Amino acid sequence: MTVPSRETAVQYALLIYSKPGTVEALSPAEREELSREYFALRDEPGVLGGAGLQPVTTATTVRLADGKPLVTDGPFADTKEVFGGYYLYEADNLDQATEMAARIPVLRLGGTVEVRPVLGKAS
Amino acid sequence: MLALLVGYLGDFELAEESAAEAFAVAARRWPAEGVPDHPAAWLVTTARNRAIDRLRRDRVLAAKLRLIEASMIASVEAEVNEVGEGEIPDERLELIFTCCHPALAVEAQVALTLRAVAGLGTEDIAHAFLVSAETMKRRLTRAKVKIRDAGIPFSVPSAGQLPERLAVVLAVVYLIFNQGYSAPGQAGQLATEAIRLGRVLTSLLPGQQETRGLLALMLLHDARRLARLSGPDGQDLVLLADQDRSLWDWRQIEEAREILGLAAAGRGPYVIQAAIASLQAASPVDWPRVAVLYEELAGLTGSPVVRLNGAVAVAEAEGPAAALAIVDGLDLAGYPYWHSTRAELLRRLGQPDAARAAYRAALDLAGTEPERRFLRKRIAEC
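If you read the protein sequences in the order shown, they are chains A and B. So the first sequence is numbered by the working numbering: it starts at 1 and just counts up by one. So the second sequence is numbered by the working numbering: it starts at 1 and just counts up by one.
Hints listed in this document are in silico derivations from the structure and should not be mistaken for laboratory results. There may be inaccurate statements among the hints.
[Stated by the list, open to error] Just the calculated beta-carbon pair ranges, DEER-fashion:
1) B/G188 x A/R36: 36 to 42 Å
2) A/L119 x B/T192: 38 to 44 Å
3) A/D43 x B/A167: 33 to 39 Å
4) A/R116 x B/L330: 15 to 21 Å
5) B/Q161 x A/V47: 17 to 23 Å
6) A/T112 x B/L330: 27 to 33 Å
7) B/E254 x A/L119: 39 to 45 Å
8) A/R116 x B/R360: 45 to 51 Å
9) A/T8 x B/Q161: 43 to 49 Å
10) B/S203 x A/L48: 52 to 58 Å
11) B/G188 x A/E37: 37 to 43 Å
Quantities reported herein were computed from a predicted structural model and do not represent experimental measurements. Here a beta-carbon is modelled for each residue, glycine too, at the ideal position from N, C-alpha and C.
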C-alpha cells in the first residue's frame, strides 16, 4: 500500500540577516564573486523571487505620530544582525527549504537565514 | 496507528481526534458485533472515515478536503479493506523523526514524542515535567501547528541527514529517560517509556550502533533502579559503591551487555557510556579502564561534565588528589555534581571544613529531594 503524498508546495521566505561590516571587509573581487553567487541562486528551480537591499544607512522610517505619518532617517541599527534581503522559495517541505537556505552565502560570513512559511489564502 | 493517520492526514490534531473516535466506536461495537478479522485495519479505516467526515463539516479546511478526497478515498479505502494486519505500513519511524525535528524546541520534541509515539496522556506528561496541564496542552498545540504550517515533513531523513537527525531523536529519548530516572516518584514511568522507545528504534533502525548503545545504557542504569534509593520512604540516594547488588536486575544487565556486544563496532558517545556503565556493574570495577573510556568520551564530546565523571574514576584508580586536580580545573560552578564531587574528594583527603562548604554549595543547587537529603546527611557526617 503506497501512502499518497499529502504534500503540496509551500512557499517560504528565506530572510537573510547579515553581520554589519562583513561584506565591506571583502576585497572588490570577493564582493563580485559574492554577488554572482546571490544572482545564481535566483535562477535555481523553486526560487520565485527575491531581492537584496541597500545598506541600512540608506533606510528611512515611517511611523504615525499623532495620527499623521512621520518620516525620519534610520533606523540606525545597533543590532548584531541586519535584514539584508530575501528569497521567495517554493518547496515540498521545511527540509527542502532549510537545504536551500544553507546554500545562501551570508552563512559563511557569520550571518543567519530565517525560514518562514508564507501565509496562504485558506490554510 | 497514529503514525499512519498522521502520514495520511498531515495533521496531528485531526489524526489524534479521529483515532480516539475510532477506538470509541470499537469499544461500543466490538463487544456486541465481535472483533473484525483485521482489527488494526478496521481501526485505521474507521479513523480515516471519521477524519474525512470531520473535514467535510469544516469548511475552512475545504482545500485539504479536496486533497484528501483526490488522493485517498477511492484508492485507500478499497485497499485497506482488503489488506491484512501484516501489510499495514509501519510509520512509527516517520512519526518519531517528525516529533524530533530540529525545527521544534527541545521541550516540544520531548512532549510530542511522549504524546504521539509513546501514547501518554497530556496530563501525565505535564505531571512528569512539573508544568500545568494547560501549559503542556499549549506546548503540544503550538508544536502541532508548527509542524503543519512550517511544512515539517513526515518522513525518515535521507541517508546524508540521518546521523545528525538520529542524534536529535536519541537525545530526546535519553532526556525522557533521565527525567524518569532522576525523579522516580513522579516520573518513574518515563524511564520505562524511554526504554520502550529505544527498543522500537533499534528494531526499526537495526544498523545504527548508537541506537543500540543508548538502549544498552538505559537498560544498565534502569537495572540498578531498585538499589539506587532506600530508606523508609524510598527517598534516600545510595551511591553505586554502596548499592545492594542483589537488588540489581541481572537479567537486564545481561541483556544490555548482549546489545552492547552487537554495537561494539561503534565508538559513539552512547556506546562508550554504555561500556562504562557495564564496567561499573562488574565486580571488582576496572577503574583504570573506566577512566580511559571517560577520556575517550570527553575527547568526543568536549564536555566538562564528562571530565568530571572521569575524575571520579581517576579517584578510584589513582587516588583523590589526582582527581581533585582535574575537578578544580573544570569551569562548572553552576553544576551541583561539581560541588558534591569536590566535597567527596576533599572529605577523602581529610579536609572536612572544605568538604562541608562544598556539600553546602551542592545542596543549594540540588534539583531533587533524594539528592538534597543525601547531601544533608553528608554534611552532618563531615
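Hints and how they fare:
no., hint, in the structure
1, B/G188 x A/R36: 36 to 42 Å, "violated (59 Å)"
2, A/L119 x B/T192: 38 to 44 Å, "holds (43 Å)"
3, A/D43 x B/A167: 33 to 39 Å, "holds (34 Å)"
4, A/R116 x B/L330: 15 to 21 Å, "violated (40 Å)"
5, B/Q161 x A/V47: 17 to 23 Å, "holds (22 Å)"
6, A/T112 x B/L330: 27 to 33 Å, "holds (31 Å)"
7, B/E254 x A/L119: 39 to 45 Å, "violated (57 Å)"
8, A/R116 x B/R360: 45 to 51 Å, "holds (49 Å)"
9, A/T8 x B/Q161: 43 to 49 Å, "violated (22 Å)"
10, B/S203 x A/L48: 52 to 58 Å, "violated (43 Å)"
11, B/G188 x A/E37: 37 to 43 Å, "violated (54 Å)"
The structure fails to meet hints 1, 4, 7, 9, 10, 11 from the earlier list, while all remaining hints are met.
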